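The chain contents come next:
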Amino acid sequence: MSENALTPGIIAGRLDAASLAENFSDLHPPLDDHEALVAADRCYFCHDAPCMTACPTTIDIPLFIRQIATGTPEAAAETILNQNILGGMCARVCPTETLCEEVCVREAAEGKPVLIGQLQRYATDVLMATGKHPFARAEPTGKKVAVVGAGPAGLACAHRLAMLGHDVVVFDGRNKPGGLNEFGIASYKSVDGFAEREVDWLLQIGGITIKTGKRLGREVALADLRAAYDAVFLAIGLGGVNALGLAGEDKDGLSDAVDFIAELRQTGDLTKLPIGRDVVVIGGGMTAVDAAVQAKLLGALNVSLVYRRGRDRMNASRFEQDLAASKGVRIITNAAPVAVHGNGAVREIEFEYTDNDLNPTGQTFRLPADQVFKAIGQTLEGDDLPVLEARKIAVTGPGRTSVERVWAGGDCAAGGDDLTVTAVAEGRDTAIDIHATLVG
Amino acid sequence: MADLTSNFIGIISPNPFWLASAPPTDKEYNVRRAFEAGWGGVVWKTLGEAGPPVVNVNGPRYGAIWGADRRLLGLNNIELITDRPLEVNLEEMKRVKRDWPDRALIASLMVPVNEDAWKDILHRVEDTGCDGVELNFGCPHGMSERGMGSAVGQVPEYVGQVAHWCKKHSDLPVIVKLTPNITDIRKPAQAAKEGGADAVSLINTINSITSVNLDLFAPEPTIDGQGAHGGYCGPAVKPIALNMVAEIARDPATAGLPISGIGGVTTWRDAAEFMALGAGNVQVCTAAMTYGFKVVQEMISGLSQYMDEKGFTSVDQLVGRAVPNVVNWQDLNLNYIAKAKINQDECIKCGRCFAACEDTSHQAISMSQDRVFEVKDDECVACNLCVNVCPIEGCITMEPMAAGAVDPRTGQVVKEEYANWTTHPNNPGKCAAE
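Residue numbers (the UniProt record's numbering), protein chains in the order written: chain A, 1 to 440; chain B, 1 to 434.
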């Protein structure tokens, strides 16, 4: 047990630097050349492959794996990136266990799918290590497009537009581009500043200007963008966080999981990052798991993840749930928060067990907590947006909104899963629609 | 455990697994360790004439091709016969045979095609106490350029002549090792038999270039920017070797001539297949070079288990058992009609059978929206390609149709009686039906 393990409160330095470095190393260490060949050889090169259908960006998976198997990972990377320009990040963060690898025929045959995600990472790593960018721009069209949000949807859209010959300006409210890739993903899934390197690599296409510190509704206005650009793509994500709606929610020690994840990603020295002794995370999605696991890895003594429904309803995949459990996170299901206890700062949080229809059972319990992370979903923020549907921007077809020459995609747009890969697909497809509209 | 004792042309060994004349049998140290591991016999690395020994290259001698996970499938070698002095080899052979009297020790020989040379070498090896000699008429590289090895094996008259000299000048059993680098393997086998040889062994290695270095633009293995063809062996050559063994076993001119089977024997099953096609024993090289001498222990236990399961009490009961079923194409029963059948419970829906059949065969497999693959009996010609490309063993099978049923492809009733091409109405040279 480390020296500070039992110290109450939210303090830094629960673990030494070496332990932290080990805890936050790559979740899936990269395949070496031989491992990649062995893994690639397991692919059956299926006809009309189910993995390809399951991929939101429709990457030709059997083809890229065969290209790896025949010693041309650079060609494999081009196959991937042609469909998904953020194929490197998606290889790291995609829940492959519920997408391509879930439907792999070897999953059906042996319960062991081809390691599609890790092979995709291998190929894209090889290409990116060369520093080369395999795509070139078409002849300039003279059209200018504004993209709002430099996350996966915005970057994918900007890259495809640039390829098609348009000039693109990307506005983002944060101080650097990348969106959730940079600020919203557990550190052990994207080590060594990968998100930043990937953006730099992507921008090599040329024709894309990034303007940071420009938030929609503050530094930039949709009306001005519509006036100054031929088209606008809104990819602003979900900036707000749902509240618990409990008295005492403003006590010290309660915060949003997304802020914790972002701070952890941006911090240079993990020994300086404070964490509670008894941490409770409320929620059942990927954000909740990322926060809970990282709290544990930072040295929290007890970490509980509490979700109001059953495990089968959790948005976090089974793999993510097992990952959390393996790191020592206690997963409690069918329990909803009912009260925050403590004097100024949170001391305990009280839950009531619920049945599968969320009906209260009258049975309650308390968990000691000096730090509570809320991860019960994010919401769209902003005024003067196009017409909404289910609290997101309504779109028809490839991202067309109610406002002329304004498209939307990624998490802020209605429809589709809130996944990086889905955002990339929407950004890419919207770019093609914008192009068709502009040059018609 | 079945008795694996082998009696091959009077040479007794505790099992039918011999190490072939090759790099593993080049010296006493190796051969002693091979016998300790359990090998039934050893054919010593080929001896040449007395005098200065041959030399080998000092760059790479081997090239390879690999399957998944670098499983070695084929090996190519350009090593020549032993490059150690003849006297040293002879002394070592004598010592080993003295210490291992129950194991077979065969001297492999390669000297120029003149009677005195063969007479001389035979007399020298007789002193070692070896159990027989094998005449190396097979090596396709280096020595063949000097008129030996496969240069002899490719001329049946030479094969018969040298075999005759050897029988004339020695009482030792004579095995003639054949090269596969020839159009008709039966001709040198016939010549060996006519020359008086007691047995043939085959195949020696196949002339080959393993690969080409696409940066140097040179064959591999590459020596100072150049490469020479070498001898190919290992699992990849087994089908070629099996056919050549069977051709000799079923040729009336050589039927009954003992055969030592060589070519890609890697497991007990490979050995059993060679023996079923007429080989009295087998010789192994690449498997030992890949995995070490210990592999023989799996061969021994596997063959023994198989023989027990079949109720065979002697390896002789296995030898040649499949030979009567090896026929020419024209003898195959054209009234035998089968259809592919896909077991839906086993199918993992990869669609390889569909792609193969649709693109390259008879468009006899259908694919539904939900990836159910089914055989269209009215198109299926039972070619077996779907079985071969299916990754799941036993998922697709070939089911024979019963006599009396109607083949949906042709609309014809399946006949019970046997009928082959020789009597088929489409055959312009058919024999009149009697």
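Since the hints were derived computationally from the structure, they do not count as laboratory data. Please note: incorrect hints may appear among the correct ones.
[Unchecked claim] Short derived list, chain B residues pointing at chain A, Cβ under 7 angstroms:
#1 68
#2 172
#3 184
#4 217
#5 351
#6 354
#7 391
#8 404
#9 415
Quick caveat, the model's predicted, so the values are computed rather than measured. In this text, a Cβ means the ideal position worked out from N, Cα and C, and glycines have one as well.
Outcome of the hint check:
At its closest, the beta carbon of residue 68(B) sits 4 angstroms from a beta carbon of chain A; the interface hint therefore holds under the 7 angstroms criterion. With a cut of 7 angstroms, the hint placing residue 172(B) at the interface with chain A is violated, because the nearest CB-to-CB distance is about 49 angstroms. With a least beta-carbon distance of about 38 angstroms to chain A, the hint placing residue 184(B) at the interface is violated under the 7 angstroms criterion. The interface hint given for residue 217(B) is broken, as the beta carbon of that residue sits about 17 angstroms from the closest beta carbon of chain A, more than 7 angstroms.
For residue 351(B), the interface hint holds, since its Cβ comes within 7 angstroms of a Cβ in chain A; the closest pair sits about 3 angstroms apart. Taking 7 angstroms as the C-beta contact cut-off toward chain A, the hint placing residue 354(B) at the interface holds, the least distance being around 5 angstroms. Of the supplied interface hints, the one on residue 391(B) holds, with its beta-carbon coming within about 5 angstroms of a beta-carbon of chain A, less than 7 angstroms. About 36 angstroms separates the beta-carbon of residue 404(B) from the nearest beta-carbon of chain A, more than 7 angstroms, and the hint is not met.
For residue 415(B), the interface hint is violated, since its Cβ never comes within 7 angstroms of a Cβ in chain A; the closest pair sits about 36 angstroms apart.
Checked against the numbered hints above, the structure breaks hints 2, 3, 4, 8, 9 and satisfies the rest.
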